[in-house]
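Whole structure, please, built from the sequences with the hints as guidance.
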Amino acid sequence: MTIKYLLGKFTFLFLVLVLIISCSQNTEFTVDELSWIDVYKENDVLIFKNLISKELDTLFIVKKEVYHPDYDWFRHSEYIPHTAHLFYENKKYKKLDHPAELLEIYKRKPDKEARPLIKYLGSTFFTEEFTLVFSEVTLETIQKSFDEVYTFRNAKQKNHRKGQDANPQVLFWDKEYGIIKYVTYEGDIWERVNW
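Reading the sequence shown from the start, the letters are residues 109 to 303 in the numbering used here.
None of these hints come from the bench; they were simulated from the model. Predicted, not measured: the structure shown is a model, and the values here were computed from it. Every residue gets a Cβ at the ideal spot worked out from N, C-alpha and C, and that includes glycine. Among the hints, erroneous ones may be present.
[As the list claims (entries may be wrong)] Derived lysine-lysine pairs resembling DSS-like cross-links, with alpha carbons at most 30 Å apart:
1. Lys172 to Lys149
2. Lys199 to Lys252
3. Lys157 to Lys199
4. Lys199 to Lys171
5. Lys227 to Lys157
6. Lys199 to Lys172
7. Lys199 to Lys227
8. Lys283 to Lys199
9. Lys157 to Lys252
10. Lys157 to Lys200
11. Lys283 to Lys162
12. Lys172 to Lys252
13. Lys252 to Lys171
14. Lys171 to Lys217
15. Lys162 to Lys217
[To be verified] Per label pair, the in silico range of CB-to-CB distance:
16. Ser143 to Tyr113: 52 to 62 Å
17. Ser253 to Ser161: 22 to 32 Å
18. Asp152 to Glu186: 34 to 44 Å
19. Lys117 to Lys220: 37 to 47 Å
This is the structure:
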């Protein structure tokens, strides 16, 4: 084999590689899919009040990312996924890594709907398993009503252990405001009190 032959082979393989990479397309979130993460901005502060003990807890939105990751030969096919993450810190809940991920959206293919994964205070909520509450949800603390509220149950409910009683079992998510209320395994009801 001559150097000319090897150089020609290398050039051919390089061109094939460039062609494959250039053929990959970015997926893009729809406005509806992006609305899940757009309810919050960095530095938003949400204050929740326990209806029984009157105790307050604070959630801080610390980081919001929407991006296309670098192309990965082993993970990506012809499409580069659109990815979004929302991170938070919690004043009271010390068991979490800080900042903790609140919401993740991953759109692998343009023709597939991206559904977010919500993680809050040690509980995980899959949005494939949501229920849209058509009747109004009214917060007792401030007498504020909401029309379009999704109700989620903890996806890992079967794995619930006794030490996790303060974790949310049910989460109420409004399309405009995000988390408005949650109920723990202990039965404590926490409602958002700042708007």
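Structure-based check of each hint:
The suggested pairing of Lys172 with Lys149 holds, with an alpha-carbon distance near 7 Å, which does not exceed 30 Å. With a C-alpha separation of about 25 Å, the suggested pairing of Lys199 with Lys252 holds against the 30 Å cut-off. Among the hinted pairs, Lys157 with Lys199 is consistent with the structure: their alpha-carbon atoms are about 13 Å apart, no more than 30 Å. Proximity of Lys199 to Lys171 is assessed by CA-CA distance (about 16 Å); at most 30 Å being required, the pair is judged to hold.
The suggested pairing of Lys227 with Lys157 holds, with an alpha-carbon distance near 19 Å, which does not exceed 30 Å. The straight-line distance between the Cα atoms of Lys199 and Lys172 is roughly 19 Å, inside the 30 Å bound, and the hint therefore holds. Proximity of Lys199 to Lys227 is assessed by CA-CA distance (about 16 Å); at most 30 Å being required, the pair is judged to hold. This hinted pair checks out: Lys283 and Lys199 have alpha carbons roughly 24 Å apart, not beyond 30 Å.
This hinted pair checks out: Lys157 and Lys252 have alpha carbons roughly 14 Å apart, not beyond 30 Å. Straight-line distance between C-alpha atoms of Lys157 and Lys200 comes to about 12 Å, which keeps the hinted pair within the 30 Å bound. Straight-line distance between C-alpha atoms of Lys283 and Lys162 comes to about 26 Å, which keeps the hinted pair within the 30 Å bound. Under the criterion of a C-alpha separation no larger than 30 Å, the hint pairing Lys172 with Lys252 is consistent with the structure, at around 27 Å.
Proximity of Lys252 to Lys171 is assessed by CA-CA distance (about 28 Å); at most 30 Å being required, the pair is judged to hold. Distance restraint check for Lys171 and Lys217: the Cα-Cα separation of roughly 25 Å lies within the 30 Å cut-off, and the hinted pair is therefore satisfied. For the given pair, Lys162 sits about 45 Å from Lys217 by alpha-carbon distance, which is inconsistent with the 30 Å threshold. In this structure the hint that Ser143 and Tyr113 lie 52 to 62 Å apart at CB holds, the actual value being about 56 Å.
Evaluation of the 22 to 32 Å hint for Ser253 and Ser161 yields a pass: the beta carbon distance comes to about 24 Å. For the hinted restraint 34 to 44 Å between Asp152 and Glu186, the CB-CB distance of approximately 36 Å keeps it satisfied. Taking 37 to 47 Å as the suggested C-beta distance range, the pair Lys117 and Lys220 conforms, at roughly 38 Å.
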